[in-house]
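Residues per chain, in single letters:
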Amino acid sequence: MSEQQLFKVTIDNITVEVAPGTTVLEAARMIGGDVTPPAMCFYSKLKGSGGKCRTCLVEVSKGSEKDPRPMPKLMASCRTAVMDGMEVKNITSDRVKDARAGVVEFLLINHPLDCPICDQAGECHLQDLGYEHGKEGTRYEFNRRTFEKHDLGPYIQLHMTRCILCYRCVYVADQLTENRGHGILDRGDHAQIATYIEKALTSDFIGNVIDVCPVGALTDKTFRFKNRVWFTKPVDAHRDCDKCCGEVQLWMRGEEVLRVTARKDQWGEVKESSKGGTGWICNECRFEKKKTADWVVEGPSMVNRHSVISQGHYLGMQQPHETIAKVMGRAPRLLMDIHEVSEVNDPSVDLSAIEGPATGATFKKEKSKS
Amino acid sequence: MGRKLLLEKAHIEGIRGYDVYRREGGYRSVEKALKTMSPDAITEEVKKSGLRGRGGAGFPTGMKWSFLAKPEGIPRYLVVNADESEPGTFKDRYLMEFIPHLLIEGMIVSSFALGSRVSYIYIRGEYAWIVGILEQAIAEAKNNGWLGKNILGSGFDCEIYVQRGAGAYICGEETALLESLEGKRGNPRIKPPFPAVKGLWDCPTVVNNVETIAAVVPIINEGGDAYSKIGVGRSTGTKLISACGNINKPGVYEIDMTISVEEFIYSDEYCGGIARGKRLKACIPGGSSVPILPANLLLKTAKGETRYMNYESLSDGGFATGSMMGSGGFIVLDEDQCVVRHTYTLARFYRHESCGQCSPCREGTGWMEKILLNIEKGKGKMSDINLLWDIQRKIEGNTICPLGDAAAWPVAAAIRHFRDEFEWHVENPEECLRKNYGLANYARPIQPAPVGEGAGTA
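Those protein sequences? They're chains A and B, same order as listed. Mapping of the first sequence onto this note's numbering: position 157 corresponds to residue 157, and the numbering continues sequentially without gaps. Mapping of the second sequence onto this note's numbering: position 408 corresponds to residue 1408, and the numbering continues sequentially without gaps.
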């Protein structure tokens, strides 16, 4: 592969060399950081996905070395293949920022914004997108579109009101299962994910629609309302499964396994399995193996310290390097240590390690011990 | 009177049947093409004719045909887009209903040129009765040896099938049409790849409008050069215009693109003037998607030149002071019509027809409709007008297919040219509720705003 001609592509003045056929978004992910456009519908593991949400729009200011004309329209970076010498503007382009702000606004006008009661909160891509690119207020003054909640079988609940119609779950059903039992009904802003007449989705791998859903539209009924994700502790675990790779992430509270998901990478996509292929997991692993004894625990998962999930348990946290002492010649005077006055904020208490929700008693007990 | 090429014989008794059509010189072009010309020569002839796609975008047909990929061993398809759903456009319906054999004849020649052994007509679901007319024409053509195996001993096989759509406007977009034809949900595909490379069942495909394919017949009969001499500049040949609205004689007219807009509206040969002696207020010259033009900019361009009924002249001045030829749906509004209500009607249409695939169009069209309904009912605010402008700006150009643009342009143009009428609606809510539009913009046409400034100081 090393002899293969690589294409040079410049994104926000950072040049990277990628293989032909790579999309602009994937090239930007190689660079990482702020240069990477957000993607709500694109999922690199699902063939044909992308191009729909329009949040990853970028400006192509130079088409290629051979044809340097800029592309007149903003392009969906997830579905635009790189050309040699292509120059792309993402956050350096005002047009892109303006269009992206518009898309975020469009995605949110009919979204219920019920994050406080939504199970996806804390790991929701739309939440992240809203924080990064959205505005604090809305200009939308009308009733939001609503739908009835639907049960898609015993394990999955569809909350269509939250859906942003990314089509990822449709691709999952197409590509991972033998028979797609759900799809898009109707058109336009009344389009919905549905099984036409309420039917259960029964395929062995259909549970993966929960992992790919960027919002809280498809949720795990075995986990619904049990806990907030940031109170649970993710650990990597595996078991021998004859249907899937059996490599999962357990979301634990104390000794209790609250939820099982596939392992995800930094873009929120299901990781490659160590046995090759994408690490999709089967329904049995996901929904039925809820005892610690079912699993071989490998250890805590790495969680990005910017993620809200890292709250409550500080494993792998890095203290920033303090330079104040060096500059001032003495340690800064501490005006007040919050832990001395706070009744609840005890750093020695790992919230994910206790049974049930934290109460005042939790902290008193811990304090008296110490 | 201009020359007619397509509708010249449309009114002969029995032209819908094969015998009369053949007696009147039908299928001559098939004989000429299959016996004396090579496929490349036909494409060359179409290129020379300067024929531009009649579906709306006006892309040169010969060029489109020459883009068709021709890999060995992979079938190629010709698909005729008869999903004519643009509000105000009904020219293809007329053509297919009155002279169906012209379309079949054009399809045989085009299929031969493109090497398509199986060609399809994708027809709008609402045109249910036309399916029967077309299928009868296909059967007659087949019985007389114009379709099937080894046509005229040339070794070329061709079959034509008619497929009915299910009544979605979006299926008139070529890639959505192909999806629908494949039996899937009619969502537009992301381009590239273009249909010329990967179209129907991933094979190279040409999608053309009914009128475009019908125009191939006179091009072959008379030669591309002769065809290109009709019309003016890059607007060659004749164009069917379906005129409707407040005019004395609505209907389908074939024009040769050299007449002025004024002549088209007021002459007795065409629309016959505004109905009931009213005055002209505004006009949408190319089907509901193109920008509306107020009377002062319709008859004369911003530079004061006469505006003609052709591609270049109608788009003179860009979207700031011009419009587009579009699909030829000529909608005329007289002084009593309310532009706000009219814009609301269009917004409602686009909201209903948006496929819901990409977010700006799915959410934006519904939002615009709700705001416009508020303004129309007298519940609007001044800030709503700027908001509308901002919404349409964020839809336009950011969607997969042109439906987003088509939904944004009418709103943009209405605000650009008739902002005072929107403001009147906000200021006079009671009058709006009584549907007493009173002040028509005609009386004091506002100066056209340059692009980008229509939103005022938003």
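You may find that some hints are simply not true.
No more than 25 angstroms apart at the CA atoms, straight line, and that leaves these computed lysine-lysine pairs for BS3-like [claimed, not checked]:
id: 1; chain 1: A; residue 1: K97; chain 2: B; residue 2: K1032
id: 2; chain 1: A; residue 1: K73; chain 2: B; residue 2: K1070
id: 3; chain 1: B; residue 1: K1229; chain 2: B; residue 2: K1191
id: 4; chain 1: A; residue 1: K199; chain 2: B; residue 2: K1184
id: 5; chain 1: B; residue 1: K1070; chain 2: B; residue 2: K1048
id: 6; chain 1: B; residue 1: K1047; chain 2: B; residue 2: K1229
id: 7; chain 1: A; residue 1: K8; chain 2: B; residue 2: K1032
id: 8; chain 1: A; residue 1: K149; chain 2: A; residue 2: K97
id: 9; chain 1: A; residue 1: K66; chain 2: A; residue 2: K47
id: 10; chain 1: A; residue 1: K73; chain 2: B; residue 2: K1249
id: 11; chain 1: A; residue 1: K135; chain 2: B; residue 2: K1070
id: 12; chain 1: A; residue 1: K364; chain 2: A; residue 2: K326
id: 13; chain 1: B; residue 1: K1009; chain 2: A; residue 2: K47
id: 14; chain 1: A; residue 1: K221; chain 2: A; residue 2: K135
id: 15; chain 1: A; residue 1: K66; chain 2: B; residue 2: K1191
id: 16; chain 1: A; residue 1: K66; chain 2: B; residue 2: K1229
id: 17; chain 1: A; residue 1: K221; chain 2: A; residue 2: K199
id: 18; chain 1: B; residue 1: K1191; chain 2: B; residue 2: K1009
id: 19; chain 1: B; residue 1: K1229; chain 2: A; residue 2: K47
If you are wondering where the hints come from, they were derived from the structure by calculation, not from laboratory data. All of these numbers come straight from a predicted model, not from anything done at the bench.
To see whether the hints hold, each was checked on the structure:
1. A:K97 to B:K1032: violated, 57 angstroms
2. A:K73 to B:K1070: Status violated; Cα separation ~29 angstroms.
3. B:K1229 to B:K1191: Not satisfied, since the Cα-Cα distance of roughly 35 angstroms exceeds 25 angstroms.
4. A:K199 to B:K1184: Answer holds: K199 (chain A) to K1184 (chain B) is near 21 angstroms, not above 25 angstroms.
5. B:K1070 to B:K1048: holds, 21 angstroms
6. B:K1047 to B:K1229: Holds. K1047 (chain B) to K1229 (chain B) sits at ~13 angstroms (cutoff 25 angstroms).
7. A:K8 to B:K1032: With Cα atoms ~52 angstroms apart, K8 (chain A) and K1032 (chain B) exceed 25 angstroms; violated.
8. A:K149 to A:K97: Outside the cut-off at roughly 34 angstroms; violated.
9. A:K66 to A:K47: violated, 29 angstroms
10. A:K73 to B:K1249: violated, 41 angstroms
11. A:K135 to B:K1070: violated, 50 angstroms
12. A:K364 to A:K326: violated, 37 angstroms
13. B:K1009 to A:K47: Violated: K1009 (chain B) and K47 (chain A) sit about 51 angstroms apart, past 25 angstroms.
14. A:K221 to A:K135: Judged against 25 angstroms, a Cα distance of about 32 angstroms means the pair is violated.
15. A:K66 to B:K1191: holds, 20 angstroms
16. A:K66 to B:K1229: Given that 25 angstroms is the threshold and the Cα spacing comes to 37 angstroms, the pair is violated.
17. A:K221 to A:K199: holds, 16 angstroms
18. B:K1191 to B:K1009: violated, 40 angstroms
19. B:K1229 to A:K47: violated, 49 angstroms
Violated hints, in rising order: 1, 2, 3, 7, 8, 9, 10, 11, 12, 13, 14, 16, 18, 19; the structure is consistent with all others.
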